[in-house]
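Model the full structure from these sequences, guided by the hints.
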Amino acid sequence: MAATAELRLLEKSLGLRKGNKYSAQGERQTPVLQTNNGPSLTGLTTIATHLVKQANKEYLLGSTAEEKAVVQQWLEYRITQVDGHSSKEEIHPLLKDLNSYLEDKVYLAGYNFTLADILLYYGLHRFIENEFLKTRGFSTWDSFRRRKILLWWIFIIKHSFPVETTPSQNTLLFYTC
Amino acid sequence: MRLFVCEGAPGSLPVLAAAGRARDRAELLISTVGSEECVVPFLTRPKVPVLQLDSGNYLFSSSAICRYFFLLSGWEQDDLTNQWLEWEATELQPALSAALYCLVVQGKKGEHVLGPLRRALTHIDYSLSRQNCPFLAGDTESLADIVLWGALYPLLQDPTYLPEELGALHSWFQTLSTQEPCRRAAETVLKQQGVLALRPYLQKQPQPQSHPPEGRAVSNEPEEEELATLSEEEIAMAVTAWEKGLGSLPPLRPPQNPVLPVAGERNVLITSALPYVNNVPHLGNIIGCVLSADVFARYSRLRQWNTLYLCGTDEYGTATETKAMEEGLTPQEICDKYHRIHADIYCWFNISFDTFGRTTTAQQTKITQDIFQRLLTRGFVLQDTVEQLRCEQCARFLADRFVEGVCPFCGYEEARGDQCDKCGKLINAIELKKPQCKVCRSCPVVKSSQHLFLDLPKLEKRLEEWLGKTLPGSDWTPNARFIIRSWLRDGLKPRCITRDLKWGTPVPLEGFEDKVFYVWFDATIGYLSITANYTDQWERWWKNPDQVDLYQFMAKDNVPFHGLVFPCSALGAEDNYTLVRHLIATEYLNYEDGKFSKSRGVGVFGDMAQDTGIPADIWRFYLLYIRPEGQDSAFSWTDMLIKNNSELLNNLGNFINRAGMFVSKFFGGCVPKMVLTPDDQRLLAHISLELQHYHQLLEKVRIRDALRSILTISRHGNQYIQVNEPWKRIKGSEADRQRAGTVTGLAVNIAALLSVMLQPYMPTVSATIQAQLQLPLQACGILLTNFICTLPTGHHIGTVSPLFQKLENDQIESLRQRFGGGQAKVSPKPAVVETVTTAGPQHIQMLMDEVTKQGNVVRELKAQKADKNQVAAEVAKLLDLKKQLALAEGKPIETPKGKKKK
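Protein sequence lines correspond, in order, to chains B and C. Residues 1 to 177 in my numbering are what the first sequence lists, from first letter to last. Residues 178 to 1079 in my numbering are what the second sequence lists, from first letter to last.
No more than 30 Å apart at the CA atoms, straight line, and that leaves these computed lysine-lysine pairs for DSSO-like:
#1 C:K224 - B:K105
#2 B:K96 - C:K224
#3 C:K368 - C:K772
#4 B:K96 - C:K381
Bear in mind the hints are in silico, worked out from the structure with no lab data behind them.
Next up, the structure:
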């Protein structure tokens, strides 16, 4: 998913009515937000953070110093680790780490749903959904060892952050869990 | 909170700086862990630095940790900071880790390191200057500044990598670097070792992957050397200099005997550490002093500086007495015998001493006693009773080197009586635990004896004053400065200068008739006495500090005696002695993976190098190529073979030979007319630039680095010939033939320049090239800072023949076995040397065609999404072809990834 499409999706989920203008820059197609007042903003997580503030949903950035740092850490993880890899072989170690991180947590920042969950969900979507499609359900996909990450996955979906996929997949996922 | 850091991990810098700012607000424990320790339970791969929070949660990203510290101190997040941090993570870090890896692990320099980073640095500079703020996100220093400063500091603290023209970046960086928390973080992480402090950590990390655009993965083309951009002015200057030709050479200095300082000239006095007479020097000794000093002496003469290079054998001491006993000779006979051996070895290595003397001479006695008397009358000599180890079995006091035992500081088992090889601390022999006489292995007893001491504490102030004047702006190597600094920091102590021995310089004092001076007091005076034996006007060199530039070469273990003890003696004697202005100390050279060891028969020793069948110049080249400059290095047979075959045979030899062959074959041995195109002029300027770089490096005695410049010029030359194909054009139209002439003429002039630049390193090869090209005598003896035309149109060259021979695997393997340790097993058959014709242009063209063809095969397979193994097999073929091509063209071979040698 191109970064600009992802940002549009985020706008929608955050309930921002009037859409912003985006362009892409450089080799990595880094998104740029054009603003009327003030300089433009560059970078996916920078813009996403900005949008959250625009929507007055600062709680999505964490409320304590610890939460705020954790949220930004996972946003960085998304753009450096998840986006840096393209094949499913490369992504597996990341999923494994994420799974053990989530062992004692509901969301990435603990008990509160944050922007980190949203962007990581977007970033991992293509891997997890593909994986799921191919193997017809995660019961055969390392099932129990990946339980936590799937639980997390379901929680995010429950927050109804839409990704353009067929509903059947999500539903299937939901039931199997 | 607990912060986990690791020695040399670059991420620690910003984190410690940020923690330093917030220190008062948070209770912080810092633990150091190994780089392979998995601190974070949920991450598979080890990651440092890591902050464990009181909640038990972990922050494993340096930026997030910094952010947390800032948040704790009440800072509010803002878009601009977020943007900088995102840019740091996605744009700066990949470029930076590649640059650091390149510099620290692969040892590359200059543009290789800076090139990939330039865009990012310019971006910071531009942002700073455009917004007209001193800091990245406003008027005060903030999170973004700390994170970026911390990331950049390891590299930018070396001014080489902080481009002058980026003024805003410059002042931003300096401002931050001087702030207390940053300064402290930098000290903790880099430990004043600069970027090399990161080495142990980075070495263990996987090589950072740059993300090449799709399709690039197939291409393994050796990267074109990044060419600096040249201004029109630089090009014009290079052309003018070139055109002046031989006319711009000054007259050669007439040879003098003896060489004496001349007022108004640059007078360079060069010494290399005096080798101890009872040992045959090994390759490490040779590169450490005599060979390094020789390169500099030859370079100094090429610059027409008035140069005297001297050395000699250090002959007094117990070791000589013992050796004499062993061999049933008198000490004098031993010295005569080994002095000869040394002289022969250095002669074989072509070391250009003006004089190679010895310390057992009447002059030595006279000068040492004079200095001693002066020190005595000025009150710098103390007398004291010394407890000393005496071996009753051998009936003598044991010199420090003849006692071994357990180091009182670090517990090392084989510490010597004067110094521990492991921790490097100086030891008083009677402090050794479990001492043993090295000769008979019995336990010595402590006896007392009267001795004289040099009162170093009383001289310390003068020494510091002198160092304060000498060190700034001088070329003392960093290790030498460091050693002297640490000695001064610990405070100087009186040092005993006498010994109960017979074989030494007698002590001219009543009650000391049966004692001699301790070798380290009088060995450094050897330089003076050797000069005195060379010329009775020796004082014009040694009591003339204003006119004489003294360079002293040695391995680092000799630094205290040259940089501290002798200067103290000389300053105390108050006789206007010339003191060392540039102290050049090397690190150690290892042999394969261990140390040279005479007793175990491991390693190559000076006298054996001759029996290998490998010419002295090849030895010189390889030893200088791996000179332990800045860090230890290791001699490796395989590496020597590779360097000989790739750098000498295929790069340098191939270029010079082709240039000469074209002149003989196509132009009847007569340099053709040259009509320079703009491209040729640009090449002239590039070569001038590289030549200037060579000069800059050698003036700073960076011998190993300067050798790279020679090879770079020869690579430029090879590419020039390859691109212009004179062998084809010679068969073409009139214009083509003229072009072939220009290319050939320019190439053969580059070859002539190389022969002069090569002279300090490979004197015999240099002379051979100069004879083949019939280079005018004047041009052979002087190296200007500009590339000039020394072989003008119409010049007749001589007969051209190949310069280097290929080293074969079998040959090297048998040498490795022969010198690898244990007793020599392999019959010392002379090395088989096969003459190889260097790769011809046709051969190269053929390889190029094949590379193109194979490249297409691979691309097609990939496009068809063919089976992986099939693709891999074809790629392997392609890589192999490219390697052959690189070899044939004399370009450096890329070492395959993942096969790094420790």
